[in-house]
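Q: Got chain L sorted already, so can you dock chains X and H with the ligands onto it with the hints?
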Amino acid sequence: MTDRPLVEELRLFLGDPQTWWGPASIPLRLGEHLLLSAVAVLAAAALVIPPALWAAHRRRGVVAAAAVVNIGRAVPTFGILVVVVVWLGLGPWPALVALVALSGPPMFTNTVAAVLAVDPAVLESAWGMGMTGRAVLMKVELPLALPVIAEGIRIAISQVIATATLAALAAGGGLGRFIVDGFAKRDQGELLMGAVLVAAVAVVAEMLFTRGQRRLVPSQASAEGSR
Amino acid sequence: MSDQAGAAGQPMISLQDVSKTYDAASAPAVESLTLEILSGEIVVLVGPSGCGKTTVLKMINRLVEPTSGDIEVAGTPVGEGEPHLLRRSIGYVIQQVGLFPHWTVRRNIATVPELLGWSPQRISDRTGELARLVGLDESMLDRYPGALSGGQQQRVGVARALAADPPVLLMDEPFGAVDPIVRHRLQDELVDLQKRLRKTIVFVTHDIEEAIKLGDRIVILNVGGVLEQQGSPAEILSRPANRFVEDFIGAERNLQRLALRRVAELRLKWGPMVEVSTTPEAAREAAAREGTEWVGLLSDGVMAGWVPVSELPESPSLEGLEPRPFGAVVSRRASLRQTVDAMVGSSQEMAVVAEDGYYCGLVDFRMVSEALGSQRGSRAGG
Amino acid sequence: MNIFNWEWVGRNWIAIVERTWEHVFLTAVAVVVGTVIAIGLAVVAVRRRRWYGPITSVTNILYTVPSLALFAFLVPFTGLSTLTSEIGLVSYTLLIIVRNTVAGVDGVSRGVREAADGMGFTARRRFWKAEFPLALPVIMAGIRIASVTTVGLVTITAILGQGGLGYFILAGLRSFFWTQIIIGTVGSVLLAVVIDVGLLWVERLLTPWTRRAAA
Ligand SMILES: Nc1ncnc2c1ncn2[C@@H]1O[C@H](COP(=O)(O)OP(=O)(O)OP(=O)(O)O)[C@@H](O)[C@H]1O
Ligand SMILES: [Mg+2]
Numbered sequence: 001m002t003d004r005p006l007v008e009e010l011r012l013f014l015g016d017p018q019t020w021w022g023p024a025s026i027p028l029r030l031g032e033h034l035l036l037s038a039v040a041v042l043a044a045a046a047l048v049i050p051p052a053l054w055a056a057h058r059r060r061g062v063v064a065a066a067a068v069v070n071i072g073r074a075v076p077t078f079g080i081l082v083v084v085v086v087w088l089g090l091g092p093w094p095a096l097v098a099l100v101a102l103s104g105p106p107m108f109t110n111t112v113a114a115v116l117a118v119d120p121a122v123l124e125s126a127w128g129m130g131m132t133g134r135a136v137l138m139k140v141e142l143p144l145a146l147p148v149i150a151e152g153i154r155i156a157i158s159q160v161i162a163t164a165t166l167a168a169l170a171a172g173g174g175l176g177r178f179i180v181d182g183f184a185k186r187d188q189g190e191l192l193m194g195a196v197l198v199a200a201v202a203v204v205a206e207m208l209f210t211r212g213q214r215r216l217v218p219s220q221a222s223a224e225g226s227r
Numbered sequence: 001m002s003d004q005a006g007a008a009g010q011p012m013i014s015l016q017d018v019s020k021t022y023d024a025a026s027a028p029a030v031e032s033l034t035l036e037i038l039s040g041e042i043v044v045l046v047g048p049s050g051c052g053k054t055t056v057l058k059m060i061n062r063l064v065e066p067t068s069g070d071i072e073v074a075g076t077p078v079g080e081g082e083p084h085l086l087r088r089s090i091g092y093v094i095q096q097v098g099l100f101p102h103w104t105v106r107r108n109i110a111t112v113p114e115l116l117g118w119s120p121q122r123i124s125d126r127t128g129e130l131a132r133l134v135g136l137d138e139s140m141l142d143r144y145p146g147a148l149s150g151g152q153q154q155r156v157g158v159a160r161a162l163a164a165d166p167p168v169l170l171m172d173e174p175f176g177a178v179d180p181i182v183r184h185r186l187q188d189e190l191v192d193l194q195k196r197l198r199k200t201i202v203f204v205t206h207d208i209e210e211a212i213k214l215g216d217r218i219v220i221l222n223v224g225g226v227l228e229q230q231g232s233p234a235e236i237l238s239r240p241a242n243r244f245v246e247d248f249i250g251a252e253r254n255l256q257r258l259a260l261r262r263v264a265e266l267r268l269k270w271g272p273m274v275e276v277s278t279t280p281e282a283a284r285e286a287a288a289r290e291g292t293e294w295v296g297l298l299s300d301g302v303m304a305g306w307v308p309v310s311e312l313p314e315s316p317s318l319e320g321l322e323p324r325p326f327g328a329v330v331s332r333r334a335s336l337r338q339t340v341d342a343m344v345g346s347s348q349e350m351a352v353v354a355e356d357g358y359y360c361g362l363v364d365f366r367m368v369s370e371a372l373g374s375q376r377g378s379r380a381g382g
Numbered sequence: 001m002n003i004f005n006w007e008w009v010g011r012n013w014i015a016i017v018e019r020t021w022e023h024v025f026l027t028a029v030a031v032v033v034g035t036v037i038a039i040g041l042a043v044v045a046v047r048r049r050r051w052y053g054p055i056t057s058v059t060n061i062l063y064t065v066p067s068l069a070l071f072a073f074l075v076p077f078t079g080l081s082t083l084t085s086e087i088g089l090v091s092y093t094l095l096i097i098v099r100n101t102v103a104g105v106d107g108v109s110r111g112v113r114e115a116a117d118g119m120g121f122t123a124r125r126r127f128w129k130a131e132f133p134l135a136l137p138v139i140m141a142g143i144r145i146a147s148v149t150t151v152g153l154v155t156i157t158a159i160l161g162q163g164g165l166g167y168f169i170l171a172g173l174r175s176f177f178w179t180q181i182i183i184g185t186v187g188s189v190l191l192a193v194v195i196d197v198g199l200l201w202v203e204r205l206l207t208p209w210t211r212r213a214a215a
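These protein sequence lines map, in sequence, to chains L, X and H. All residue numbers for the first sequence refer to the working numbering, where the first residue is 1 and numbers rise by one. All residue numbers for the second sequence refer to the working numbering, where the first residue is 1 and numbers rise by one. All residue numbers for the third sequence refer to the working numbering, where the first residue is 1 and numbers rise by one.
So here's chain L without its partners, still in its complex pose (with noise of 0.2 Å):
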């Protein structure tokens, strides 16, 4: 790294108008970072989570769960990374590939989990009353899972803002561009403020979903508090 002071480097950094404007700024960053966060989580949780209902509905996943979570957890998100942008070559589409991947296990797990986990006096009583399947799993199987499916797109919500940092290893955007560009012209103070940033949208992304999640499931202690 340089010799100059690390406050020395920041100023420089944050001098810089390419900083604040342009094709390499904090505010284009901050946007494909989001971006690729938001549509990689959106299209994996369209993917994986109507099967999951369905597999977990029919008691067909069990298994198939318990062995994605424990291989899931063991595969480095780095090595999947490579392996998908080695194969589809640079740049943000095999990096979304790849987002997409990562972030599918754990909504999937808690799926299954989530609907597995439901009361079987509750779900008899809804077959006996007469339910047709999909009215047990839109009506019962489904909101009694919500708060637990929600846990899964948070966890993967943070999963995919961290490795969508990573991402820039592979050529990609995002924010992790100044950590990368950072290390590659030992800028400290551009590393610095990457990794601020980074940061800063992982915390907040994780506080507003939590927040949301309260919001979202009002019912939920009550619901708990039944048996």
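Don't read these hints as lab results, they were simulated from the structure.
Where chain H lies over chain L, by a calculated footprint (3+ residues, C-beta under 8 Å): (1) 82 to 89; (2) 153 to 166; (3) 181 to 192; (4) 198 to 212.
Estimated spans, in silico, between C-beta atoms of each pair: (5) H/P208 / L/R186: 53 to 61 Å; (6) L/Q18 / H/V194: 46 to 54 Å; (7) X/S149 / H/D117: 27 to 35 Å; (8) H/G107 / X/V191: 43 to 51 Å; (9) L/V203 / X/P48: 57 to 65 Å; (10) L/W87 / X/P83: 42 to 50 Å; (11) H/L205 / X/Y22: 33 to 41 Å; (12) H/L200 / L/M207: 33 to 41 Å; (13) X/D179 / L/T132: 31 to 39 Å; (14) L/L12 / H/S81: 23 to 31 Å; (15) H/S81 / L/A43: 33 to 41 Å; (16) H/W21 / L/V203: 29 to 37 Å.
Here chain L is said to cover these stretches of chain H; the calculated rule only asks that three of the stretch's residues, wherever they fall, bring their Cβ under 8 Å from a Cβ of chain L: (17) 72 to 83; (18) 141 to 152; (19) 167 to 173; (20) 185 to 199.
Glycine included, every Cβ here is placed at the ideal spot set by N, Cα and C.
A: Frame of chain L, contents of chains X and H with the ligands only:
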């Protein structure tokens, strides 16, 4: 009950040679069960834990498919048609209550009407009606089940099963999770409801007392779903078919037999009772004859009370005395069990029998136990 | 298509073994240090409930901050060093182990607690002799999750010039050489599985009383 609803007395549910084996490796849960349940009656299935009671109920509403045998409800094989349509016509109160925790009590009760597509107005009317029927306060309708006591939850479970007015109710230990006092009250309410609604009810319990109280007919099952005996409570108590049934009704048996007999069936003693218009001399004679230390006074057949022999006056009249009230008084319609309760409750060896204040006679422990002894022979003979 | 080159493996097996050991070393140090700190924090949280909120908030933030950002943040202060890697890795283990330890201790039955008090245990003795050992299965579950997660995170320290098997992933990314990427990724997965199984075995040794119930 044959004078009730038109269809009463017709078979509503019939099981023909029904068996269920959950997995090939294990013993059958129900074996060759044949059972007919008439419209408008309450049939109670009793038996030890794991004897297949719940399985029988679930086969009736097709939550479980029988391995073999035929089941019909209202003359139609249950296997025909969609299971969910069948279930909407059968109220089901499950063993663990199983209310939907994410719905208010109101919406829980409205489950089946909603599935049947009733109008919101009709659903709302019906919900209020049911709340009153099962004795739930209207204020509870907008709570979540988590905020109800166990007994309240079970009431909601019953209301939910009754919601669409199904002709058939399956009730799986519906009062299992509440304390004895609340259970007795819920049982009384069910008896009351049934007088008005005349549903066909299959009721499961492992409490023989509950079975005797509620059942028009009792079906006793043994492990493996084997039918040991079926019959009216009186038949089962007085003529247990075998050792298993005898053991199962066990300790309850004598008390329950007491509950089945009435004071009217006994030949009452007259006892040391005299009219107030007679003389103290006659009263002393009556006490001596009966071997008691007291005499009872009547005025024109109406009970006045009793006085100790030591307090009888020397004067020629009994008019001035102040008799004490009897501790244990029962009517001729009272069961022997109530009579014994009354005696024990007042620490007396006997109870006075009276109708509208008119003295009928006395009953004591010895007479009660003799009545029990004779019952078996007389019933078996008839 | 020949995406896996055995010859390369043959020529580089010494490097592979070295990197594997580096991976194990980085993981082991992080998990051991993390476990000690986390259990210390959990003891504080159990003894003084009002600290539980702040402790989980802070460890949760550490857990939420992406690893690359944390490493980048530390580099200006601690350089491209093992210390930087370990600070980052340790901070990710804390949340899971703290949470599981507290949950495990909370899950110990009241009967056991009262029996311990009844025999005149001090609060400290009760914790170390009764609550902690009985909470071990849950604590071990937390340590296993933390270990497997750490094995994955170690690969990212490659950008700090370390990375264990992650070194091969980064090198493979730069040269688009599949053999290295596969060695790095698959090796890391295998390592995680081996460590998980090893810890499961340790757990069995430490908690013999749970075995009969399972059998
Ligand atoms: N889904 C199932 N799979 C396998 N076996 C079952 C299943 N349900 C019940 N059984 C077995 O079938 C037998 C009868 O069970 P069932 O639930 O009908 O008994 P029960 O008389 O209702 O008992 P309880 O009084 O305890 O409620 C038991 O041996 C039980 O273990
Ligand atoms: Mg049962």
